[in-house]
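Participant: Here are the chains, one letter per residue:
Number of protein chains: 2
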Amino acid sequence: MELTILGCNAATPRKNAQTTAQLLEIKGQMILIDCGEGTQIQLRKLGVKFARIQHIFISHLHGDHFYGLIGLISTFRLLGRTADLHVYGPKGIKEIITLQLKLANSWTDYALYFHELEGEASTLVLDHEKFTVQTLPLDHRVYTNGYLFREKEGPRRINKEALTHHKVSIADMENLKSGKDVYTEDGELIKNDQLTFAPVAPKSYAFCSDTAYKPDLASLIEGVDILYHESTFLDHHQDLAQKTKHSTAAEAAKIAATAGVKQLILGHFSSRYPDLNEFIVQANAHFEPVHLAEDGKKFKWD
Amino acid sequence: MELTILGCNAATPRKNAQTTAQLLEIKGQMILIDCGEGTQIQLRKLGVKFARIQHIFISHLHGDHFYGLIGLISTFRLLGRTADLHVYGPKGIKEIITLQLKLANSWTDYALYFHELEGEASTLVLDHEKFTVQTLPLDHRVYTNGYLFREKEGPRRINKEALTHHKVSIADMENLKSGKDVYTEDGELIKNDQLTFAPVAPKSYAFCSDTAYKPDLASLIEGVDILYHESTFLDHHQDLAQKTKHSTAAEAAKIAATAGVKQLILGHFSSRYPDLNEFIVQANAHFEPVHLAEDGKKFKWD
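For the record, the sequence lines run as chains A and B. First residue of the first sequence? That's 1 in our numbering, and the numbers climb one at a time after it. First residue of the second sequence? That's 1 in our numbering, and the numbers climb one at a time after it.
It cannot be assumed that every hint is accurate.
The list treats identical chains as interchangeable, and a pair is accepted whether it falls inside one copy or across any two copies.
[Stated by the list, open to error] Here are the simulated SDA-like pairs of lysine to any residue, each with C-alpha atoms no more than 25 Å apart in a straight line:
id: 1; residue 1: Lys160; residue 2: Glu25
id: 2; residue 1: Lys191; residue 2: Leu46
id: 3; residue 1: Lys214; residue 2: Lys254
id: 4; residue 1: Lys45; residue 2: His291
id: 5; residue 1: Lys94; residue 2: Trp107
id: 6; residue 1: Lys102; residue 2: Tyr113
These are calculated hints, taken from the structure and not from any lab test.
Let the hints inform the model, and build the full structure from the sequences given.
Facilitator: Shown next as structure tokens:
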């Protein structure tokens, strides 16, 4: 898994600060999470091959999270895309996109699927060969979901050193990887765990933007490797956070602590703060380690 | 009048090339013409005060000419705009914008007026105190209008030298500016043209994008000071120009020559051409002077 922040500014794009969009790579699959205005330009700057993006997850229908979607869909068409595209987002997103395509007389030549969401409970929305995606219902001024991405468990890993002591046929390698016991060429039964290590631990990523402080979120994201949680405000703007249904850095960190996640990334900063370091300070009172999102920054899983 | 090119790339925005948007200043009024994705960022880079823009003219509903509009309208709201905003564009534009505002539960706090166009004849769409705007019906794959902006004639200019020879009261200065004859304090009637010069010649600007070669356009823009005419292609892609209903540099220049305009700006270049100089060469066979649009470039009227 690798996460690239394409934009993390709240509300409106600025000269050097894009609105929310993230690119998540899971086992070679490219996933776009939210798509603020100008996301296609950010993707070009990073040299991302557009056709590799086959799934787009939109959290909610505020402009700073999806105004770049119609442009991206149109550009895919202009570049001659043939691969299917799946868009997940709140009910209404299909009407917005198709109305614009209709009025431009520009239907896509590729298959475009909308998966509209309106449920209030966490739901599995994608069961891909390599990963799953589950909604994380959030509490914002309009219907909003975060998303939890979990890799599926891969094959067991061959213990090459142990293998040198037993005559195991090449044909049995796949059996070993899938967890089966095998017979050696001498007819001896060897237990799988004598010849393999456990699979690489599946990685997980929870994306939560935008939301008021929502303590019951923690149980849905227990133990995830990396949590991105919005933190639009600092403590002294707690009133604004409540009024606009956003979170403070401290609240994001409390969620991270309760959920026992491994790392926390903060983002969706209000542009009123010239120095973002205070977000780390206030979050660290409740949780460590905390990172700040930043346009173009990459996060890798260990 | 002053024109700033915010973007002039065809079809899709690139790393360093925005799609169509132009800012036209007429006697202190700021007018936005087309609004490709990312226009609000271009405006920020130029330091334009957003509230000064009260009129937006959209040529057609292809994404590279209006995908930035919803973001700009939303940002105006977030910045606490109170000034009215008037949007002119093809029928359908109101539905696109209001649907998105509705789903975001984000109505504007300022008055937002849509002036939807569907006529096929050139029409006066705005009669402002300082200027007029008239549609220029174009020939594209969807309903498209260019726009002709004309300053209104200003006051006659006082001939200060001539004035020294006559005793004219201060109170008569406005009469002189409005073209009236006046009596001197000695009771002598002086003809207006003895004491004034003609007003500064009103300036004009014609914006024509996107369109197939449309010779009858010339009669509508006869003698304008500056014509912006799209030239997506060069001569050897004439077939593509016809197929996609765009123009070549030579065709744009023929329109300029027939209309007897003073200057021609070419823009809306296909990104297939690494060197744009050939656009000038091919246009110069029919018309001079020719300028190339370029993001951030300003054009001033003499």
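Participant: Among the hints numbered above, which are violated by the structure, and what are their numbers in rising order?
Facilitator: 1, 2
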